[in-house]
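K.L.:
Listed below are the residues making up each chain.
Protein chains: 2
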Amino acid sequence: MTKQQALNLLYEKIQVGNALGLASSIIHWDAATLGVPEKSLADRGAAIGWIGGESFRRFMALDTIEAIETLEAVKGELNNYESAMIYVFGKAYRKAKAIPQEEFEAFQALTAEAQAVWETARKKCDYDMMQPYYEKVFDYQRRLCDWYGYENHPYDALLDDYERGANVEMLDSFFSALREKIVPLLKDIIAKDNQPKEIKGLFDISKQRELMPWLTDFAGYDRTRGKVGEVEHPFCTTITLDDVRITTMYHEDNLMSALFSTIHECGHAIYQQNMNAELVKHGLADGSSMGVHESQSRLYENMICRSKAFTEILLPKLQEKFDYFKDWDVDSLYRSVNIARPSLIRIEADELTYSLHVMVRYELEKKLVTGEIKVSDLPKLWADKYEEILGIRPDTLANGVLQDVHWSAGYVGYFPSYAVGTAYGSQLMNTIKKSIDINAAIKNADISPITKWLKENVHSKGQTLSPDELLKQSTGESFNPKYYVDYLEEKFRNLYLK
Amino acid sequence: MTKQQALNLLYEKIQVGNALGLASSIIHWDAATLGVPEKSLADRGAAIGWIGGESFRRFMALDTIEAIETLEAVKGELNNYESAMIYVFGKAYRKAKAIPQEEFEAFQALTAEAQAVWETARKKCDYDMMQPYYEKVFDYQRRLCDWYGYENHPYDALLDDYERGANVEMLDSFFSALREKIVPLLKDIIAKDNQPKEIKGLFDISKQRELMPWLTDFAGYDRTRGKVGEVEHPFCTTITLDDVRITTMYHEDNLMSALFSTIHECGHAIYQQNMNAELVKHGLADGSSMGVHESQSRLYENMICRSKAFTEILLPKLQEKFDYFKDWDVDSLYRSVNIARPSLIRIEADELTYSLHVMVRYELEKKLVTGEIKVSDLPKLWADKYEEILGIRPDTLANGVLQDVHWSAGYVGYFPSYAVGTAYGSQLMNTIKKSIDINAAIKNADISPITKWLKENVHSKGQTLSPDELLKQSTGESFNPKYYVDYLEEKFRNLYLK
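In the order they appear, the protein sequences are chains A and B.
When we follow the working numbering, the leftmost residue of the first sequence carries the number 9, and every step to the right adds one.
When we follow the working numbering, the leftmost residue of the second sequence carries the number 9, and every step to the right adds one.
The reader is advised that the hints may include incorrect statements.
The list makes no distinction among identical chains, and a pair is therefore deemed to hold if it is satisfied within one copy or across any two copies.
As the list claims (entries may be wrong) - Using 30 Å as the maximum straight-line C-alpha spacing, the simulated DSS-like pairs for lysine-lysine come out as follows:
id, residue 1, residue 2
1, Lys-289, Lys-47
2, Lys-103, Lys-375
3, Lys-105, Lys-189
4, Lys-506, Lys-289
5, Lys-47, Lys-463
6, Lys-47, Lys-460
7, Lys-21, Lys-105
8, Lys-441, Lys-131
9, Lys-388, Lys-289
10, Lys-47, Lys-21
It is worth saying that the hints were derived from the structure and are not from the lab.
Bear in mind that the values here come from a model prediction, so they are computed numbers and not experimental data.
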């Protein structure tokens, strides 16, 4: 196989993968926005299964690795896109190949069943139902560490699936910093007991909806190159780089959840919309990592839109639509969108405590993978960790160890990306603010200088850079949790302890 | 290859075809209901192209015909589904194989271009733009007749692609019957000049929308096994047999177009919803032919919903929503939804004249295929035919020879299905009325006995029967245009000439 033949073969496989991926994404969007007739689920599931399987089968064919090895042998002649393509696909191929075929298939079947069981177990608060599945999942994950191989800690092998280059050493230092600074800060806030006024009322959904174009335009989401849908659980999906769709959910009694979840999805969507076409051809049109993708959504949601500057422009918009806000001032609104307090459910957690929820999971997963703790002890260990870190114990298993779908879906090593990503965002913003007056841009309702910086340094790079390379190139240093800790400390000390 | 291996191979290919078909259908639905960002068209088109091509490539592989031949050799051992599968797929395979690969590909490229040119040519009323494309299309179609082969008339080879078993002999006799009875009937109606009052006004679209659940429920469309969308050009699409979707378009100034096009699509959808799962596995879950599918949509639209019985139950519903109808009576409404008069545009034609528009196209296509007439003479020949059959000449080319997309898309032999299908419907209804009181069922707003008959005799059969077999089994005789001509004569003589 010549270099050109190898490149063409990979390009062709990627093009087919893109076609099948487009189909999967539209099918998913369709189901989420319109629902699926119950009787149609099986036929639809079979089609989705074939489409996903075909993508995998084509990728795992022997000519893929032949092409990769051909190109690895001429590394010096490859451009940036080609090198990144070989790196990303070579690693994915070898990892997938490391898993015995029958083990892989058995695990797919196990997690399909486990997710259905989890739905019921959570509703019934029945850990006994779930325990045998979790045991099999973690048993498989332990073997997966060996199949993948690792240098220092077995958990490193799993982390890399979600967060390229992440490892226990890095995460221990990250969560230590949070434990040292944020856990005591939360305790001080609880002790001070000066919680702000909450936004409580019923907000007409059609009026909520009317706010969205203003909000997505503010964020810089290009509505002519995408769509906004309504679903139960919001997400962002890329059909093509010029058709990146976001979704929102509306609750009459929770105006802020629609606003902030929309901004969150805008962050993901802008990342995708700002990629360049060359990435598509090379199969690199996605975030550098799960964490880097999350860094963008949380940067827009928290650092930009939960700022005081943003509440200054948000308040008049709210007052235009809802009488409820007529007596509110900027300071009350700013405080009310930044309530910080211990809670039980990760996905409902506030900006300050979110990463502490992740810390609970990180510390448990790490020891589950080594066998230091047992699945049978999880409910108690979970509750103890929540008490230790957040100061409260779950009232029910549904609000405790059974709240997340991840383990039943076979995702072990995924949680840390949420927290690390948020921290990447702070590191990026720390650099951005050296050249751009962020508050002025927000108050001016024109954050395009920020987005332009992110496009140049993050979005346009796609998967050509690892998170570490990306941070080094754009901020001049490797990941440093200091910026995140400092940011949280400054913001929440000012809000609660002054 | 054993019999069982051959069956399994075909089942597997059909399952993959179904998966790819589901993806194509959802992608099409998504584009039609939501629109596609212009910049995304190319990437989306590439994906659609690959999906459709893959289906075709897998079907055309050598093992397909090996499996078909294996099963043809043991015909006597096959059940009904298996026999029909071998017949349908064997014929499709051999027809596709008969076309030289490079000719097929060149024609795909030609029609892709021709359709885009047609959009412009129609807008500009510029036949010179279109003529070279039509020449190439008909030139290809003439060669296609030879590749396919035929016994009597070359056009027969093309007709069979759309209407299994249709041929010039049958269509000549069908259109002769129309020419003999319906052309003079239309002349009499024009001469009598007692056109009914037209429905003219602006009808709030949200109120139009409110009527639809009542209407689709009346028709028997199962909304729990489908969806209703809004588009510019209504269609019905099958995602799975339990997710059959219809679409409607609304115009403030044209209430009736929304109502009747919805019923029309319901007719298609009910056909699909009433098929059985065994058909899916055998790749036979579609109409017996294009014409039989159209027979169902037009039967619901015209024979059921343009009946006097239906206007009796429609009028109170309209009066509930729109003041406009407060002084209308059943007779006026019945007459106003049955306006019959010559017109220029096929897709806007009324029940009486619709098949006359098709006759124009049939007579021209037949002679274009043999070379008796030339593409360059079409604008004049078209106008002459309209004058001869409908009594009017097109005012513009857009309202004349350039009105249909079919020829630019390469569909030659398609038009007759529209008319023949409508006539099948009359033949079916003629049998139904022997055992069911159709008017009573409609007035009672419960047409389930009619639908049950259609399900048993038409819908549940899918592609296991040819149109002719289907008519013989359900009505006791082959296609006979008499029922259609009699139905039109009786209905429109009563309306206009009494």
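K.L.:
Now tell me if each hint is right for this structure.
P.N.:
Each hint tested on the structure:
1. Lys-289 <-> Lys-47: between (38 Å within a copy, 16 Å between copies)
2. Lys-103 <-> Lys-375: within (23 Å within a copy, 64 Å between copies)
3. Lys-105 <-> Lys-189: Neither, since 42 Å and 73 Å both go past 30 Å.
4. Lys-506 <-> Lys-289: neither (53 Å within a copy, 70 Å between copies)
5. Lys-47 <-> Lys-463: between (44 Å within a copy, 19 Å between copies)
6. Lys-47 <-> Lys-460: Intra 47 Å, inter 21 Å, cutoff 30 Å: inter-copy only.
7. Lys-21 <-> Lys-105: both (17 Å within a copy, 27 Å between copies)
8. Lys-441 <-> Lys-131: neither (46 Å within a copy, 54 Å between copies)
9. Lys-388 <-> Lys-289: Neither way: Lys-388 and Lys-289 sit 49 Å apart in one copy and 50 Å across, limit 30 Å.
10. Lys-47 <-> Lys-21: between (34 Å within a copy, 23 Å between copies)
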